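Visitor: Sequence:
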Amino acid sequence: MSFSSLLKFTPFALSLKGGMLSLFVALLFGSCEKKGTDVSSSGMQTVEESQKTDTATASVAKTVAVTEPIAVENPPTVVVAGAGLRFLAYNVENWLVMEERYDFDTRLSEKNASKPEKEKAAVVEIVKSAQPDVLGVCEIGTKEDLADIQARLKAVGLDLPHSHFSGGIDRTRHLGLLSRHPISSTAVPTDLNYRINGKEYGMQRGILDATVKTPDGREWRFLGVHFKSKREVEDGDQNLMRINEAQLLRKHLDGILSANPQARLIAYGDFNDTRRTSPLRIVQGPYNSPRGMSPIGAHDARDEYWTHFWAREDVYSRFDYIHFSQALKKDVIFQECGILDPKNWDVASDHRAVLGVFR
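Heads up: take any position in the sequence shown, counting from 1, add 2, and you land on the working numbering.
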């Protein structure tokens, strides 16, 4: 699809004009190396022991350690008229307090520093431009950090009053979901541990599982993940870790789909791997099968598919995906889906956000 034709369909594309040439400026400042180290616990800690579940916001989705969803009470919500759903998946890069944060502009480091204000403002601007009904984020620090994003979005006119906060054994980085519509239920798999060479590990960021109910009565079940990064760790194989995390997600997907083949499932997040690698193939499952999860082939206005830039290695990769179950196949409006590419994408994060639009 040409750039001019995509402008007709993508709500964020208008912000791209005049910003194309700036995409490649200062890319070396958007490195994944800005992140802290991964947590790769070798102990027997389960997700339940480290789970942080509630957010201090208008509507808090409470979670229990079961696979079957538990209903959540929500206050009345003012919704925007119109059918369908817009979903944005976004790794917001370390919206948290880091023990040491390096500023690539000043070349200085700061202890116990929050995400800089200019980066936060850029994230908010990008999210607002997409006008999502539901926002799924990776690399959130605490429930207060999620509430911070929620409040900033509301201040600029995007009210997502319902929220869910989730995580795994990684005490630093978590997953969050904000929604315009009520969160009707949440769930957590009861076992998110795996073994490599006789050693037991826990899924680092767990699986966020929240069901959103739209005004037309339909329910949309969101499963968010943030798989192990490609950085090597001393006590394990980073590729095998992702494969095992993918198997845990696949097990959870199979449990849901076996109980309800018509479940409206969206599995999204930062998978830290590319489409034809083992972790992604495991998540996607058998092709054209009732168990299959299909990725939205989103791209930007230049027909480019990458969502992450690793400056140290000068590598562009597609790590971020939105997958949908077979029940949603006819509801995806592919021509309106896309990868957000505003000129300030690299100020906000080292990832670009992925937009999925459904009827």
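Mixed in with the good hints there might be a few duds.
To be verified - Below, a list of computed lysine-lysine pairs in the BS3-like style, where the Cα atoms sit at most 30 Å apart:
no.	residue 1	residue 2
1	K156	K253
2	K156	K122
3	K332	K201
4	K253	K232
5	K232	K120
6	K120	K215
7	K215	K201
8	K113	K201
9	K253	K130
10	K345	K215
11	K232	K122
12	K232	K201
13	K156	K120
14	K156	K232
15	K215	K232
16	K130	K201
17	K332	K120
18	K331	K215
19	K215	K253
20	K332	K122
21	K345	K201
22	K122	K215
23	K122	K331
24	K130	K215
25	K156	K201
It is worth saying that the hints were derived from the structure and are not from the lab. Model, not experiment: these values are computed from the prediction.
Visitor: All hints, please: hold or fail.
Guide: Hint-by-hint comparison with the structure:
A C-alpha spacing of about 36 Å is found between K156 and K253, which places the hinted pair above 30 Å, so the restraint is violated. Proposed proximity of K156 and K122 is supported: the alpha carbons are some 14 Å apart, at most 30 Å. In summary, the hint linking K332 to K201 is not supported, as the alpha carbons are separated by about 43 Å, beyond the 30 Å threshold. A threshold of 30 Å between alpha carbons decides the hint, and for K253 with K232 the separation of about 23 Å falls inside it, so the pair holds.
For the hint pairing K232 with K120, the CA-to-CA distance comes to about 27 Å; that is within 30 Å, so the pair holds. At most 30 Å may separate the alpha-carbon atoms for a hinted pair to count; K120 and K215 exceed this at roughly 34 Å. Proposed proximity of K215 and K201 is contradicted: the alpha carbons are some 40 Å apart, above 30 Å. Proximity of K113 to K201 is assessed by CA-CA distance (about 33 Å); at most 30 Å being required, the pair is judged violated.
Straight-line distance between C-alpha atoms of K253 and K130 comes to about 34 Å, which puts the hinted pair past the 30 Å bound. Of the supplied pair hints, the one linking K345 and K215 is violated, its CA atoms being roughly 34 Å apart against a limit of 30 Å. At roughly 25 Å between alpha-carbon atoms, K232 and K122 fall within 30 Å of each other, so this suggested pair holds. Our distance criterion of 30 Å between C-alpha atoms is met by K232 and K201, whose separation comes to about 20 Å.
Proximity of K156 to K120 is assessed by CA-CA distance (about 18 Å); at most 30 Å being required, the pair is judged to hold. Distance hint between K156 and K232 is unfulfilled; the C-alpha atoms sit about 35 Å from each other, more than 30 Å. A threshold of 30 Å between alpha carbons decides the hint, and for K215 with K232 the separation of about 35 Å lies outside it, so the pair is violated. Taking the CA atoms of K130 and K201, the gap is near 44 Å; set against the 30 Å cutoff, the hint is violated.
A C-alpha spacing of about 39 Å is found between K332 and K120, which places the hinted pair above 30 Å, so the restraint is violated. With a C-alpha separation of about 19 Å, the suggested pair K331 and K215 falls inside the 30 Å cut-off, and the hint holds. Distance hint between K215 and K253 is fulfilled; the C-alpha atoms sit about 24 Å from each other, no more than 30 Å. Using a Cα cut-off of 30 Å, the hinted pair K332 and K122 is violated, with the two alpha carbons roughly 35 Å apart.
Taken as a hint, the K345 and K201 pair is broken in the structure, with Cα atoms around 45 Å apart against an allowance of 30 Å. For the given pair, K122 sits about 29 Å from K215 by alpha-carbon distance, which is consistent with the 30 Å threshold. Distance hint between K122 and K331 is unfulfilled; the C-alpha atoms sit about 34 Å from each other, more than 30 Å. Between the alpha carbons of K130 and K215 the distance comes to roughly 22 Å, so the proposed pair stays at or under 30 Å and holds.
A distance of roughly 45 Å separates the Cα atoms of K156 and K201; the hinted pair therefore is violated under the 30 Å criterion.
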